[in-house]
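K.L.:
Please model the complete structure; the sequences and the hints are all you need to start from.
Those protein sequence lines, which keep their order, are chains L and X. My numbering puts the first residue of the first sequence at 1, with every later residue one more than the last. My numbering puts the first residue of the second sequence at 354, with every later residue one more than the last.
Careful: at least some of the hints might be erroneous.
For each label pair, taking beta carbons as the anchor points, the in silico distance ranges come out as [as the list claims (entries may be wrong)]:
no., chain 1, residue 1, chain 2, residue 2, range
1, L, Thr102, X, Asp547, 51 to 61 Å
2, X, Glu572, L, Gln221, 27 to 37 Å
3, X, Gly596, L, Glu175, 57 to 67 Å
4, L, Glu210, X, Glu463, 24 to 34 Å
5, X, Asp440, L, Arg288, 41 to 51 Å
If you only want the chain L side, here are some residues facing chain X, beta carbon under 8 Å, derived [to be verified]:
no., residue
6, Lys147
7, Pro156
8, Pro186
9, Ser213
I should point out that these hints are in silico values taken from the structure, not numbers from a laboratory. All values derive from a computational prediction rather than experimental measurement. For glycine and all other residues, C-beta sits at the position ideal for the given N, C-alpha and C.
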Amino acid sequence: MNAPQLDALVASASQGVEFDGLSVAADSEEYRVEIPGERLETDEAGLRAFAEENPWYVSNWYYWTRTVGSEGARYAFLRWIEDAGRPVGERYEALSTGVSRTWGQLRVSATIGEDGKRRYALGHVDDAESASLDTYSDPLAARELVKLDDRGRYRPLSTAPTLPTGWEYPNLDGEDLVRTVDFIYPATVENWHREREGELDVTHFREAAERQSGIYEIVSQLSVEELEAAAETCCVDSQCLKRRQWDEDEETDLDVPRGDGEFPCREPCSLFVTAARKFVTLGREEMRSYEFELTPTEKEQIEEIIDAVAEGRTDEIREADLNEGANRYRARYLRARRMPDGELSGTSTYPED
Amino acid sequence: MQALVIVGHGSHLNPGSSRPTFSHADTIRETGVFDEVREAFWKEEPSFREVLRTLESDEVYVVPLFISEGYFTEQVIPRELRLEGWDVSAWESGDGVSADHATLKASDVEKTIHYCGPAGTHDSMSDVIVRRAESVTGDSEVGDGFGLAIVGHGTERNENSAKAIEYHTDRIRESGRFDEVRALFMDEEPEVDDVTDFFSTTDIVVVPLFIADGFHTQEDIPEDMGLTEDYRRGYDVPAEVDGHRIWYSGAVGTESLMADVLLERAAEAGADVRGLSDGDASRGVADD
Chain L
1 MNAPQLDALV
11 ASASQGVEFD
21 GLSVAADSEE
31 YRVEIPGERL
41 ETDEAGLRAF
51 AEENPWYVSN
61 WYYWTRTVGS
71 EGARYAFLRW
81 IEDAGRPVGE
91 RYEALSTGVS
101 RTWGQLRVSA
111 TIGEDGKRRY
121 ALGHVDDAES
131 ASLDTYSDPL
141 AARELVKLDD
151 RGRYRPLSTA
161 PTLPTGWEYP
171 NLDGEDLVRT
181 VDFIYPATVE
191 NWHREREGEL
201 DVTHFREAAE
211 RQSGIYEIVS
221 QLSVEELEAA
231 AETCCVDSQC
241 LKRRQWDEDE
251 ETDLDVPRGD
261 GEFPCREPCS
271 LFVTAARKFV
281 TLGREEMRSY
291 EFELTPTEKE
301 QIEEIIDAVA
311 EGRTDEIREA
321 DLNEGANRYR
331 ARYLRARRMP
341 DGELSGTSTY
351 PED
Chain X
354 MQALVIVGHG
364 SHLNPGSSRP
374 TFSHADTIRE
384 TGVFDEVREA
394 FWKEEPSFRE
404 VLRTLESDEV
414 YVVPLFISEG
424 YFTEQVIPRE
434 LRLEGWDVSA
444 WESGDGVSAD
454 HATLKASDVE
464 KTIHYCGPAG
474 THDSMSDVIV
484 RRAESVTGDS
494 EVGDGFGLAI
504 VGHGTERNEN
514 SAKAIEYHTD
524 RIRESGRFDE
534 VRALFMDEEP
544 EVDDVTDFFS
554 TTDIVVVPLF
564 IADGFHTQED
574 IPEDMGLTED
584 YRRGYDVPAE
594 VDGHRIWYSG
604 AVGTESLMAD
614 VLLERAAEAG
624 ADVRGLSDGD
634 ASRGVADD
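P.N.:
Rendered as structure tokens:
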């Protein structure tokens, strides 16, 4: 607590203060002040003395009502970080050593700074113990920072679980923290807040599809079976950290797990719509029968290759692990043996041509 | 409080697509004219659907960083922003190049949205094209003895795409600064492939009216014009083609002066830009 904070409290007493267990009221020269377990009726000097003995309550009130401003998504998010439902004393003790929360793949930590001002640190959850990180302070830098994953590949979906490591924002104020999070996971704080307030505006798939135009108009043709497969393809936790809150329509839930993410997904995103368009065109093709000559192991190998690609596991398969069906040598050998002209088992895709 | 939202196309495939949007947003942030400046994208995040809710300002100026009036600026963006009662007639642009702005409400936020015409059809875009010619030639007086080709995508689906190109071509031609000024296109006549056929001047500055550098501006156009056999090997500026010197500038949208066009759009829609010195954002920042 500092002098301006105390002066602000005294000045606010006449309108009444009720915040996080601190209660102050004034009636002409008479002040009534209360914290859990203590209550005092006194004059201004007595109020000031009481505040000096309980500085956390004053700096806490000042930080939340004056520095942050006590409403909106930012306020709710910053309160959530320090689990502000707890008593002030307990919180200040926890903040003195630091408290942390996970937001997608972000680790947000809060500590108490000068005069109750919170300081926040932001980084990748996997970097919590890492000593050699590039440090940043400008929220705008986050846009470039998270553009590519650790393998140098472009991340078109901000909430894909491929957030790069190796960086940190060691010291942000509350406003810059929320801006930085918004550059890394855009609109997640706002939608999380809306959900907590019971005001999340979910747009289900059929409604979202109805809205599409141009080349995306066809996504409304996706059948419910295809939609289930599409959600399983794109929207599960291994692909996106948002928690899917949309379904086929208001009455028809999808069976695919929604995910365990902290922040909600309120409608099919542009990547999903683009994928859905492709899935519609794939679904237009008629089934036909092919005959292939393969050994049982080769059939299983094809299944293993599909599985490895679908799970993004190809990089983990060791160069010389010839027991893995999706090993590169195994795949090359299969191609050499069974795809003589680039077609599986020499079977033409369009034999009539 | 007032906010500026710059809406761009973005890409699922090309990480560079959003960079001009970010860069112009940063230029405008530095002026301090707006309480908030935010980027939003069709293919990236925040999406058009969710950008407005991330803002605290009551007054929001939305400027599309798009080249033409058409499908995206008239249909997709207003729909995705949920602008209530939007109708393209509100822009009063009968000719496809005269959009101004419209003031509307968005249905998911309590804000006033000033939806502006695209950057590409604003008059001051002509200045950006000329500036691009100056920067690629390194000559702030460039014009005398030079031809200027303005290159557009051109598409049968959207005739306005060509109109924006023609509009600036006419304006710059009328200014008399260059010996010759021509509009050329990638997939309609007159085609950029034959650029040297259309100019009698030895020197030709070629400025593609595209927002971001990508496949078209970095691969197609240089190869089509014969600046290089293979874009991966790069090309000279200027490059010799059929006895002409081609000064190829790359996408006009990356020019820092674009930030001024966005600011002018917002100012004309009523944004308070009094904090701006000389009305020139990019120049102020470039001096830093």
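K.L.:
So, for every hint listed, does it hold in this structure?
P.N.:
Each hint tested on the structure:
1. Roughly 59 Å separates the CB atoms of threonine 102 of chain L and aspartate 547 of chain X, a value that falls within the hinted 51 to 61 Å.
2. In this structure, glutamate 572 of chain X and glutamine 221 of chain L meet the distance hint of 27 to 37 Å, their C-beta atoms being roughly 33 Å apart.
3. At about 60 Å, the beta-carbon gap between glycine 596 of chain X and glutamate 175 of chain L stays in the expected band of 57 to 67 Å.
4. Range check, glutamate 210 of chain L to glutamate 463 of chain X: about 26 Å between beta-carbon atoms, so the 24 to 34 Å window is met.
5. Distance hint check for aspartate 440 of chain X and arginine 288 of chain L: the Cβ-Cβ separation is about 48 Å, which falls inside the suggested range of 41 to 51 Å.
6. Proximity of lysine 147 of chain L to chain X holds as hinted, the smallest CB-CB distance being about 5 Å (cut-off 8 Å).
7. With a cut of 8 Å, the hint placing proline 156 of chain L at the interface with chain X holds, because the nearest CB-to-CB distance is about 4 Å.
8. A least Cβ separation of about 4 Å between proline 186 of chain L and chain X falls short of the 8 Å threshold, and the interface hint therefore holds.
9. Interface restraint check: serine 213 of chain L against chain X, minimum CB-CB distance 6 Å, threshold 8 Å, status holds.
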